[in-house]
Amino acid sequence: MVNMKFATFIRNTVLTFALIAGVSDACAQTGAFVPVRKSRPAPSPNTTIDATTNWTFRMKSESVVNSPIVRLGDVVVPLDPNIPGWPRMSRSAVGLVPVNGKAMRVDRQRLTEVILNAEATPKRLYWIGPDTTEVTYVVAAKPAPPSSSVAPSSLVAGSSIQHANYHGPADHGPARLNQQVAGHTAMKQTTDPIPQRANLDPQFAERLIQWITLAISRSDASLLERYDMQIDRHQPAMQQLELARGVQSAEFVNTVKPGPGLLRVVSNGLEGSIETELIVTLEKNPVAIVPIKSIRSGNRIGRADLTERPIPIDQWDESYCTDPIELVGMETRSNLRSHEPILRSQVGKPMLIRRGDLVEVRVVNGAISVTTNAKALGDGAESELVEIETLEPRKRLVARVVNSSVVEIVTRAPQAQ
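With mature numbering (1 follows the signal peptide of the UniProt record, and there is no 0) applied, the sequence shown corresponds to residues -28 to -1, 1 to 389, in that order.
Simulated from the structure, these hints should not be mistaken for lab results.
Take the hints with a grain of salt, since some may be wrong.
[Said to hold, decoys possible] Derived DMTMM-like pairs: lysine to aspartate or glutamate, alpha-carbon spacing no greater than 25 angstroms straight-line:
{"id": "1", "residue 1": "367", "residue 2": "351"}
{"id": "2", "residue 1": "321", "residue 2": "351"}
{"id": "3", "residue 1": "265", "residue 2": "289"}
Just need the whole structure built from these sequences, with the hints factored in.
Set out below in structure tokens:
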């Protein structure tokens, strides 16, 4: 019985293998189709932002940066690396590392505002990962010093960044600016044919200039009113302020005067106080005459009513009055505001006759002079022409203003034939 069951099992197994071999051989000979499961093609990346656009970002729990400026790509990672505009969006500034050097905490709300300001608004914005991230600033390693094969002259010349120092004593003297400018010129001509330039983020460089301007205004508020100050943000000494987090003081080394000058800047940095000297250019602002207090129309101007005020070059108008002599004794044609520049069209000669005044009319004809009365039909200053109307008989004439309430009509004297 057992042998029969075993024989039946062996026969069934042999028939099964024979059937499989026969089907495979037949498919190979006849070219029959054998179904094969194929993978789906990868979808093409979307390059537009429309009503169906959804973005998903993952926040890093912590990040380490080598620059004081934290950018979006330092703290988030998109789940889809092909989202439109990500290469440009990743360079958007998020903030600056704190002055004390501790870790900077950034939350999702802040990053959402940065994303929406950098690109068109998607339909939905999803976040995964932690709610906040910590950013730590680590100073990048400085490049190795040059080998001994470098010429000693190039080591002595150096750059303006090497001349600027932390807590370094500053030299005082009228020739300091000339020496530094001469050093820059010699360095460019002998050791470096390509001028060195500060490689700062443009927005951070503008912020540095604002800090410096604010520090100058704290020490001398009138200096920025008297001069227009220009600071080249590409000058090499600006690179020394890359780690600055505010400016303590900014003072001129020499006497303040138009032209280039040295400005000593002391700032707060991540590694302590930073001191450097920048080259700034001063241009004197033009001065306009302004009233000390508001003056109503029709009043005469006295010397005690006027003062001077510097006007920024970009706000200057050639019609502003610049000499108080041309204004003293004049009469205002319109209201003058306190400490606002006076336009030449706002003043004129004092009006000696007003509309409706009763005036004396002198008619001069050679040696003969006749006097009568008339009514003024307009306003007039000295030597100006004004229309009048005689009382009896009523007749309109044009006369020249001679004095207060006096006008004159000159006729041609009779000639003998």
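Evaluated hints:
no. : hint      : result
1   : 367 - 351 : holds, 18 angstroms
2   : 321 - 351 : holds, 11 angstroms
3   : 265 - 289 : holds, 21 angstroms
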